[in-house]
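Enquirer: Sequence:
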Amino acid sequence: MATKSKIFFVMEYVKGSELFNKVAKDRLKEEIAKKYFQQLISAVSFCHAPGVYHRDLKPEYILLDEDGNLKASGFGLSAISEETKQDGLFHTFCALLLNSQMPFPATSLTTQATDQSALLALRSHLTLDPYRVITRNWTNSSFVYSWIGVTCNSCHHRVAALNVFDTGLVGTIPPQLGNLSFLVSPNLRTFSTQFAEEMSLLHRLKFIALNVKNFSGEVPMWFGFLPKLQFLSLKNNSFTGFILYSISNLSNLELLDFSSNSLQGNIPEELGKLKSLDVLSMRHNHLSGSIPSAIFNLSNLKTFAFTSNTLSGILPSDICCNLPFLKGICLSDNHFSGQIPSNLSQCSQLQIMSLSDNYFSGQIPGEIGKLTSLQILYLGGNNINSIIYVLLQNPKLCIWQVLSRSRLEIFRT
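If you're matching positions, the sequence shown starts at 45 in this note's numbering and goes up one per residue.
It is worth saying that the hints were derived from the structure and are not from the lab. One or more hints might be untrue.
Claimed, not checked - With a straight-line cut-off of 20 Å between C-alpha atoms, the simulated DMTMM-like cross-links for lysine to aspartate or glutamate are:
#1 78 to 109
#2 102 to 62
#3 78 to 62
#4 78 to 111
#5 319 to 298
#6 317 to 110
#7 414 to 362
#8 272 to 241
#9 78 to 313
#10 317 to 298
#11 250 to 322
#12 250 to 313
#13 79 to 210
#14 73 to 111
#15 317 to 109
#16 317 to 75
#17 73 to 56
#18 102 to 70
#19 279 to 210
#20 73 to 313
#21 69 to 111
#22 317 to 111
#23 79 to 111
#24 279 to 262
#25 279 to 298
Everything numeric in this text was worked out from a predicted model, so none of it was measured.
Make the full structure from the sequences, and use the hints.
Expert: The following block contains the structure:
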């Protein structure tokens with residue numbers, strides 16, 4: 045990377061070939077092409093956040109690693125917006141390989157004064173402070189660590205958490221928030237509609253929860269480049285578009301909840317890489333296709349919920365072989381078909397099984413009666429018309445939860 049005063053030289057060995065060679069041999073399948081486009085857009089978007097513009101994208105400069113992921117290279121003609129504004133000249137990146145799977149680091153050091161400036165910018169972007177809590181408390185005359193809703197870490201005394209949700213604030217997120225480089229947990233659920241791209245520089249973020257109806261548009265690409273993120277909840281918003289492939293980069297992610305949005309398309313196979321995932325919830329969207337088999341190999345998964353989509357296909361017969369901790373499976377109101385897997389009895393901790401309003405047929409597996417922890421069972425609205433002999437051995441179950449809108453004949457044993 046070159047600026048007016050310094051040159052940085054970065055190298056990375058990429059085992060794969062150029063994208064040019066791949067497309068020259070044969071046409072790409074649609075799913076592969078979509079994956080490549082999303083990764084390429086992710087890389088470019090992440091460059092734009094700190095003000096870097098490639099200006100020379102072509103297949104020869106797009107490399108493939110051994111896992112088939114794109115890496116953008118060839119930054120010889122790139123422009124740096126910050127430098128351009130000062131002298132009108134283009135200052136270029138030289139031979140930089142940008143890993144589209146990794147975050148772009150912040151380009152400048154930050155201090156406690158930077159934190160204070162960022163929070164004062166947030167205060168200036170308020171459109172409603174009904175109790176004047178922030179207006180009166182966040183001032184230059186007091187230390188940041190004493191401000192209401194602000195938590196600083198003990199080591200560096202830098203802002204680590206924001207929690208202003210209960211103060212009734214309404215406003216927009218300013219770009220300066222991206223300077224809170226030690227921020228781990230921001231609670232900005234009452235702020236509105238658009239994210240500042242500079243937030244992509246917050247590489248220490250572990251917790252993002254935006255569970256209100258204030259946010260819309262496509263899910264920001266840079267969410268997939270926050271390496272320490274553990275909790276990502278965007279439920280109850282108006283997000284559109286597709287589930288990002290880049291989310292699979294978040295190896296520490298434990299909860300992923302995009303419920304009650306307007307997301308569409310298929311569930312990416314790459315989500316099967318999230319080995320730390322406990323909760324996967326995509327309820328009430330417009331997702332289609334089948335659930336990738338890799339999802340059923342997430343051995344730490346406790347809950348997966350895809351209720352109210354247009355998903356289809358047959359559940360694998362070995363659905364519980366690699367899900368020893370599963371407590372909830374929620375697939376109601378979809379287009380699933382075939383038989384209910386008898387293997388479900390191996391999910392010994394299962395408490396909730398919601399499969400109603402699909403096209404399941406055949407017999408209800410007697411093995412379900414072995415699920416002694418099962419408390420909620422929804423099977424109504426399917427093509428099940430068999431006799432249940434052992435299902436009601438479990439006294440915790442409500443009969444009507446089983447019977448609702450099904451043609452079932454019940455016998456207690």
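Enquirer: Each hint: holds or not?
Expert: Hints and how they fare:
Under the criterion of a C-alpha separation no larger than 20 Å, the hint pairing residue 78 with residue 109 is consistent with the structure, at around 17 Å. This hinted pair checks out: residue 102 and residue 62 have alpha carbons roughly 10 Å apart, not beyond 20 Å. For a cut-off of 20 Å, the pair hint linking residue 78 to residue 62 stands: about 17 Å separates their Cα positions. About 16 Å separates the Cα atoms of residue 78 and residue 111, which keeps this hinted pair within 20 Å; it holds.
This hinted pair checks out: residue 319 and residue 298 have alpha carbons roughly 9 Å apart, not beyond 20 Å. The hinted pair formed by residue 317 and residue 110 meets the criterion: a straight-line CA distance of about 16 Å does not exceed 20 Å. Our distance criterion of 20 Å between C-alpha atoms is met by residue 414 and residue 362, whose separation comes to about 16 Å. Proximity of residue 272 to residue 241 is assessed by CA-CA distance (about 18 Å); at most 20 Å being required, the pair is judged to hold.
This hinted pair checks out: residue 78 and residue 313 have alpha carbons roughly 13 Å apart, not beyond 20 Å. For the given pair, residue 317 sits about 12 Å from residue 298 by alpha-carbon distance, which is consistent with the 20 Å threshold. Distance hint between residue 250 and residue 322 is fulfilled; the C-alpha atoms sit about 15 Å from each other, no more than 20 Å. Under the criterion of a C-alpha separation no larger than 20 Å, the hint pairing residue 250 with residue 313 is inconsistent with the structure, at around 23 Å.
At roughly 40 Å between alpha-carbon atoms, residue 79 and residue 210 are farther apart than 20 Å, so this suggested pair is violated. Restraint check for residue 73 and residue 111: the C-alpha separation of about 17 Å stays at or below 20 Å, so the hint holds. Taken as a hint, the residue 317 and residue 109 pair is honoured in the structure, with Cα atoms around 16 Å apart against an allowance of 20 Å. As the CA atoms of residue 317 and residue 75 are separated by approximately 17 Å, the hinted pair is consistent with the 20 Å bound.
Between the alpha carbons of residue 73 and residue 56 the distance comes to roughly 28 Å, so the proposed pair goes past 20 Å and is violated. Pair hint residue 102 plus residue 70 holds up; C-alpha atoms about 17 Å apart against a cutoff of 20 Å. A C-alpha spacing of about 18 Å is found between residue 279 and residue 210, which places the hinted pair at or below 20 Å, so the restraint holds. Under the criterion of a C-alpha separation no larger than 20 Å, the hint pairing residue 73 with residue 313 is consistent with the structure, at around 15 Å.
Restraint check: the Cα-Cα separation between residue 69 and residue 111 comes to about 19 Å, which is no more than 20 Å; the hinted pair holds. Simply put, residue 317 and residue 111 have alpha-carbon atoms about 12 Å apart, close enough for the 20 Å limit, and the pair holds. Distance hint between residue 79 and residue 111 is fulfilled; the C-alpha atoms sit about 13 Å from each other, no more than 20 Å. Note on residue 279 and residue 262: the hinted pairing holds, with a Cα-Cα distance of about 13 Å set against a maximum of 20 Å.
Simply put, residue 279 and residue 298 have alpha-carbon atoms about 15 Å apart, close enough for the 20 Å limit, and the pair holds.
Violated hints, in rising order: 12, 13 and 17; the structure is consistent with all others.
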